[in-house]
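Participant: Taken in order, these protein sequences are the chains called Z and V.
Per our numbering, the very first residue in the first sequence carries number 576; after that it's consecutive.
Per our numbering, the very first residue in the second sequence carries number 10; after that it's consecutive.
Simulated from the structure, these hints should not be mistaken for lab results.
Just so you know, not all the hints are guaranteed correct.
As the list claims (entries may be wrong) - List time: in silico DSBU-like cross-link candidates among lysine-lysine, alpha-carbon distance up to 35 Å:
| id | chain 1 | residue 1 | chain 2 | residue 2 |
| --- | --- | --- | --- | --- |
| 1 | Z | K729 | Z | K758 |
| 2 | Z | K860 | V | K241 |
| 3 | V | K120 | Z | K703 |
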Amino acid sequence: MALLLKGGRVIDPKVDLDGIYDVVIRDGVIQEIGSDLSIPKGVTCDCTGRIILPGLFDMHTHLREPGYEYKEDIESGTRAAVKGGFTGIACMPNTHPVADNSSVIDFIKKKAAQSAHCRVYPIGAITKNLEGEDLTEMADMLSAGAVAFSDDGKGIQNAGVMRQAMDYAKMFPATLIAHEEDKSLVGSGCVNEGPISTKLGLPGQPGISETIAAQRDIELCDLTGCRLHVAHVSSYHTVDALRDAKKRGIPVTAEVTPHHLLLTEDDLSTTYDTNLKMNPPLRSKEDRAALIEGLLDGTIDCIASDHAPHAPHEKEREFERAAYGTTGLETSLSLMLTHFVAKGIFGYGTLVEKMSDAPRRALGIDTVTIEKGSCADLTIIDPNYSFIVDTDERESKARNSAFVGWELTGRASDVLIAGYFKMRDGEVVE
Amino acid sequence: MSPLSSKHLLEIEDFNHDDIELVLETARSFAEINERSIKKLPTLRGRTIINLFLEPSTRTRTSFEIASKRLSADAVNMAGSSSSTVKGESLKDTAQTLSAMSCDLAIIRHKFSGAPRILAENMDCHVINGGDGIHQHPTQTLLDLFTIRERFGSIKGKTVGIVGDILHSRVAGSLAPALNSLGARVVFIAPPTMLPARPDILGGEVVYSLDDIVSELDIVYLLRIQAERASKIGVPSLREYSNLYCMDARRAKKLSKNALIMHPGPMNRGVEISSDLADDPRTAVLDQVTSGVAVRMAIMYLMLGGDSNGATA
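Start from the sequences, fold in the hints, and give me the full structure.
Facilitator: This is how it looks when you write it as C-alpha cells:
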C-alpha cells in the first residue's frame, strides 16, 4: 500500500525540516521525502496549503472506561482525539475500578486494540484506589502496558508516601505525574481565591495551594532523582518554582492546558457557568500571563488538554456540586492555532515541540519523526478552516466545553497512524 | 408589566437605583397597611407563589409567606426535607417541574451560591433569591435599607460598620455593595480569618478592631456567628470573639445617641450583642423583621405587575 502526500508544508524541527515537500509512505513507513515525487500505484493526497506535522500527542486525557462509559469510552474518546488531530493519547487512571493494577491496564490495552481510533497509553495509579496511602504494583502495570503513574484528580497529600513512590518509581524508571493540590489549603474551594470568589460567594482556593504541593514534590524529585511531571500548572507561583527547579537541574517537566492559557477567573463573571469549573481553577490574568511566559521560555514543556468529559446532568447543577473540567481533545489544536500560531506568538516548530515531542518525552515514549524509515504517524492541518465550537458536532460523548461559541481558524484535516488514514478531510474514518 | 427593570431578583445588583427607590417607596405603603387591623389586600389574588426553601429557615420563609398571604396570593411552601431533591432530583429538574405547574413567582433559599440562577434559567416565572450559600440575600438587604431610611431618612454619607463573619455572610454579600452604591461608607470589622479574599470588591474598607472605629459609626450591623462551629470559621473561641467584637454597653457608650444597631437574626446574645443592649432603643432588630414583611410584599407586588400607587389601595 503506497500513499503520496503531495505538496504540503512539512515541518519537523527535530530533523530541521520545514518546506514544501512530497512524502511517500509505503506499508506504514515513510519511504521518501522530496520534490516532484510520484508513485506508480496507490493513493495521492493533495496537501497543497496544508501543514504536515509529526503526529500530535495528548498526555493528559480521561477516557472514563472502565466504569463511566456514560460520560465517554475508549471508542468515543479516541474518535474525539483523532478529530482533534492526535495520533496518540495517554489516559488517566481515575476510572471505576481505578487503574491501579495490571488487570485494569490490560483491559484498557485490549479494549483499545479492539475499538480505539488512535494509539492509547494507559497511566496507572500511584496509590491503590487513589487513596494516597499504599503504593500500587508499578512493575506489574508497566509490564501490562502502563507508561507512567499518577493520582490525578486528587494528588498525594502525604509527603512520605510521595517520597516512597518516587524512590520506587525511579528504578524502572517511570515518570510520576503529579496533581499538585494541598487540600489543607484548598478546603472546599471550587474557584480561584480572589475577586470572583468574593463576588460570587463561592469558596476560593489560593494559587499557592498548588505551588506548595509542587514545591514539595520538586524537592522530593531532587532528593530521589525520580522523573516528575507536574500536571495542569495554573499558578504563577508554580511557574516560578518550576523555573527555579529547572535551573537547579532537577528532572521535572510540566504541562499546561489550553483553558488555563486562554481563560481567567474573570470569564466566570456572574454567570456561574459550570463549563468553566476546573480543577485547578481558572486563575487571574497575572497567572495566565505567567503560564504563557513559562510555555515560551521552556519552563512549561507541553500542552495537554486534561480532556474531562461529563454527562449533562453532572454539569447542569449548582456550581459547588458540579463536576470539574472541560472537554479538550477536539478543541486544543484549533485553540492553539487560532490564538498562538496565527497571532505569531509561536510557530509550528514550537507547536510540534509542545504537542508532539515533549509530551512523549515526558512519558518516556519515542517521539515521532518525519524522516525516511520512520513510522508514518502524521497530523495534517488545514490552517484556513474556520468553524464555531458547537456542542452538537462532537465525536466525544460529552458536551461540556469551556469554549462553546468560540470562532476558531485552523484544524486537523487528516490524521495518519502507521500510514493509514484515521481521519480524512475532517471526517473520522470508520 | 412589571415596573421593575429586572424580571428576577437574584442578586442586589439586579435592581438599579430607581428599582430600589420604587421598592422602598412601595414598602412604606405596605408598612402602613400592616398596621391596620385588616391587613389583607386582594392585589395578588389568583397568583401562585412557591416558597422553595431547601435550607432551614424560619424568619425569612415565614416573612415571605405572610407577605404573600397579605397580598392574597396562593402560597405553596416546599421545604428541603419534603422536596424531590432529597430523592436525588436535580435542581434543574425541580425547576422545570414547578414551571410546568404554571406558578407566577418562586422564592428560593439554597445552601449553594448561584442556585437561584438555575431556577431562573429553567422557569418561566419570576425568581427571588431568598439567600444563596455565602453569596447574597438581597431581600434582607432591601429590608435593611428600608429600616435605615426610616430611621435616618437617607443613607448617603452614613458610616456603616458590618461586624463579624463577612466571609461566610450572604447578608454582608449583598448589603455592602448596596450601601456602597447608595453613598454610604462601609467598614468591615472582623479578624482577617473572617474576611473574603477581596473585601474591596464588595465595596468596603477593613478595620480589625471594633474599639478603634465604633465611635465613628452611624450604624453597627452585627452578623450572626455560627456558634456551633466557631473554631471552623476563624476564631479560637466564642469567648475571644465576644471580647473583641461583641456590641455591649461599654462599646455602645461610644456610639452616638442616634446610632442604629442592626442584626439579621437570630441573635446570639452574649456573642454578637450583649443581652441588655439587644433590648436598647437603638437596636432595630425587631424593626428589621417588621420591615421585612412590607418590603417583601412590595417586591412581590411590583414584580407581578403592580405600581407604587396601587399599593395604597
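Participant: Take the hints in turn and mark each one as holding or not.
Facilitator: Here's how the hints hold up against the structure:
1. Z:K729 with Z:K758: Holds, at about 9 Å.
2. Z:K860 with V:K241: 31 Å, holds
3. V:K120 with Z:K703: 34 Å, holds
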